[in-house]
Amino acid sequence: MGAMKDAPPAPSQMFSVATGAAAPRPALAAAVAILLMLAALPAFAARNLIQDLIFLFYMLALAQCWNLLAGFSGLISVGQQAFVGLGGYMLFALTLFAGLDPLLAIPLAGLVCAAFALPTALIVFRMRGAYFAIGTWVVAEVYRLVFAQFKGLGGGTGTSLAPSITSTVFGIEWVKALFDVRTPAARDIISYWGALVLMASTLAFVHAVLRSRRGLALGAIRDQEAAAAGLGVDIYRTKLAVYVATAAMTGMIGALIYLQKARISPDAAFSVLDWTAYVIFIVVIGGIGTMEGPVIGAVIFYLLQRNLADFGAWYLILLGALAIAVMLFAPRGLWGFVAERFGVTLFPTRRRLIMGSDHGKRV
Amino acid sequence: MALLETRHLKAFYGDFQALYGIDTALEAGETIAIIGANGAGKSTFLKAIAGLVRRPADSVLFDRLPIGARSAADIVKLGIALVPEGRRLFPSLDVEENLLVGAHGRKLAGPWTLDRVYSLFPILKERRSQAAPTLSGGQQQMAAIGRALMSNPRVLLCDEISLGLAPIVIADIYAALPQIKAEGTSVVLVEQDIAQAMKVSDRVYCFQEGRLSLSGRPRELTREQIHDAYFGT
Amino acid sequence: MTGALDAVIQGILLGGLYALFAAGLSLIFGVMRLVNLAHGDLIVLAAFIILVLAGKLGLDPFMAVLVAAPILFAIGFALQHVLLNRTLGRDLLPPLLVTFGLSIIIQNGLLQLFSADSERLRSGAIETASIALGGGIAIGVVPLLTLLSAVAVIVILNLIFYRTALGRAFRATSDDLEVAQLMGIDHNRIFATAMGLAFVVIAIAALYLGLRSNFDPTIGPARLLYAFEAVIVGGLGSFWGTLAGGIVLGLAQTIGARIDPEWQILSGHLVFLIVLAIRPRGLFPRALD
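First to last, the sequence lines map onto chains Z, F and D.
The opening residue of the first sequence carries number 897 in our numbering; numbering runs sequentially from there.
The opening residue of the second sequence carries number 45 in our numbering; numbering runs sequentially from there.
The opening residue of the third sequence carries number 115 in our numbering; numbering runs sequentially from there.
If we strip away everything but chain Z, and leave its shape as in the complex, we get (with noise of 0.2 Å):
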């Protein structure tokens, strides 16, 4: 901005915008090597550690989509438990009753959630700000109160998979040999692999967006909606997109969670403190609007949970002072913190703009 006091540019100057430093190849390596070193751990791994990255995979996963909801599309959702569940409910219905398998039951059930986030968004879209937040608590409620009404799904108590279905989960005749464990422990590791996968291609989509034009619009919408839209961004249709989206993505999640767990019941599926309470704390904590602070958000929140849940409403009580104090004083998070000082990124998702020739300036 200040550069702007000098001469005015030369009317024949280019311009043109380049996002971030391009994912530099060691960077882009050394992802790909973290993702196969997590891939191979089950062969080395404790069950309890395998178990627990699942729960750290998951709400990571959860976290990314709440966060490109909140933090980049300013969606408050207070609400995403619904799709949760929905998903979750819809892996039992389609093993149990379609009898189809459970990994090929996830991708559907993001299907599902994505066509019932339609005519959610619909409604909901006509509220702002708070009201449209507690509107989507309200939506997920529904959700709520009309599953436990399917009797075929254990009404209120809810259900569990029969072993018939958790012990034939494809490839699991596979894992049993290669890793020489039983079913429990076999289904665990291709939990553990879905997951991963899960995380990692939620985290690839998110960027994916934001590096792209929509991502930009993003941008726009949350920092200054009016001008957003007064540049010819549709607003509308873009919010539609993301909320859409992150329906599937956390369908998906929800799925997997169930499968694993193999028991559900309305209250846990669609529970507001498990995830959205959860799933914002670790947002907030880590850093909301950026890509890197729920990664330390779900680490965090990890190492707490292993430690601290046993204090029961203590932890609760911690949790809820912990977040309100970041909110007061460290409004960006850990990771927004860490950031303004040493100025790191490892998703990089800025812009610059760049003018004729080689200097850019952050935009």
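Some hints here could point you the wrong way.
Stated by the list, open to error - Facing chain Z, according to a computed beta carbon distance under 7 Å, are these residues of chain D, among others:
id: 1; residue: 149
id: 2; residue: 200
id: 3; residue: 208
id: 4; residue: 390
Rather than coming from a laboratory, the hints here were simulated on the basis of the structure.
All figures in this text were calculated on a predicted structure; none of them were measured in a lab.
For glycine and all other residues, C-beta sits at the position ideal for the given N, C-alpha and C.
Since the structure of chain Z is already known, use the hints to place chains F and D on it.
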């Protein structure tokens, strides 16, 4: 000693510096006018005095008291009232309620009561129960001025009160100024209408890109001087 | 026929309770555009405070609420001044997330202090008293008092908002915060006062919540949703609208319950969504946003 003084007044909007060290003085009973092109910092100047914009603690002195660190609500109670740019009446309140709200911060004794304001602007009494947005531009401006007067200010800051109004309406509004002065209120006018500003003021200050480019008595300034100061040549 | 009439009457009476829940929320949103996600939990907290006061001081709940009211005013004033004022601004997220965190803290704090056991406010004979209307229909005295109190609260809120200097300050601050400051209005104090007032309404709501049914630390969020639905259905910016919204919700739930007891809450939610779909601004909107 001046009633109201600014010393090296700076103001920022985030990183952007709007005022670069303005020195002005208002004597009791005086009317001063601030002129300048759009974006010169005139409104910011008034906002800084009124406490709506961050400024250094000792950059504004009222009756020799530094008020730069005081909040806007405090400053009204001290006796400085701002008629904001664009009138900005409260849409949920009717005319009379708008005026009454102006008295919320009244701490000083003075002549400005509801009746006195109605006698200054009789049309407001006619429209006292109407919702503020239903008034014409000129009537809204009168209401905004009346509202500011209700706090019995010793200094009245007027931000572009002629903006968007027809000349005959502007004349009506300016006709009220002598009465305001007669009641002992000193006035600072920010004006786009230079002729009007020169007519009513005892002293003129010209702003140019956040700096003072000219000051003097209207009678003593030439057209050329004003033009140069205004456009910054 | 009596069955239907009875359902309607009970629905309207239930609506009185929901209107009480909603009035506080409506007040706060009207003055400072804050939606307090902890609203339901605060009602529960107030109910526990009344319970403790009634127990410790040996008071009937109707007396205990008179003692509780100024205490709750002070708590609300302090909460706003110390915490919530710092979250207000252009960004939507801080007030939402801070009040969400508050909700979790209150629920779990109450769980620690009181355990998850159900409690009830006891007031003796009045709890079961009823007035016979003839034709086999009777109105419970407590539900009737609830509705009358709701009406009284709304009348008083309207009086405050439209007939007092404080109310003018509320409306002016809500319209234009910056210019309100130019009127000498200290918006921090005004917001704190509004919140204190809302807490008094919350105390009254808590009284009737506790008299009508059992309560425990976890029922807060559901009350928030009912309050919210009543406000939206009624229309933003109008206290009478909030009463209407409460009654619509009460009717929806009661009629739904008559069809199938398990459908009570769902019916309320569905009617809310339908109203939102057809008349997004509510039935009697007043606000300009």
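Hint-by-hint comparison with the structure:
no., hint, in the structure
1, 149, "holds (3 Å)"
2, 200, "holds (6 Å)"
3, 208, "holds (5 Å)"
4, 390, "holds (6 Å)"
Hint check: no violations occur; every hint is consistent with the structure.
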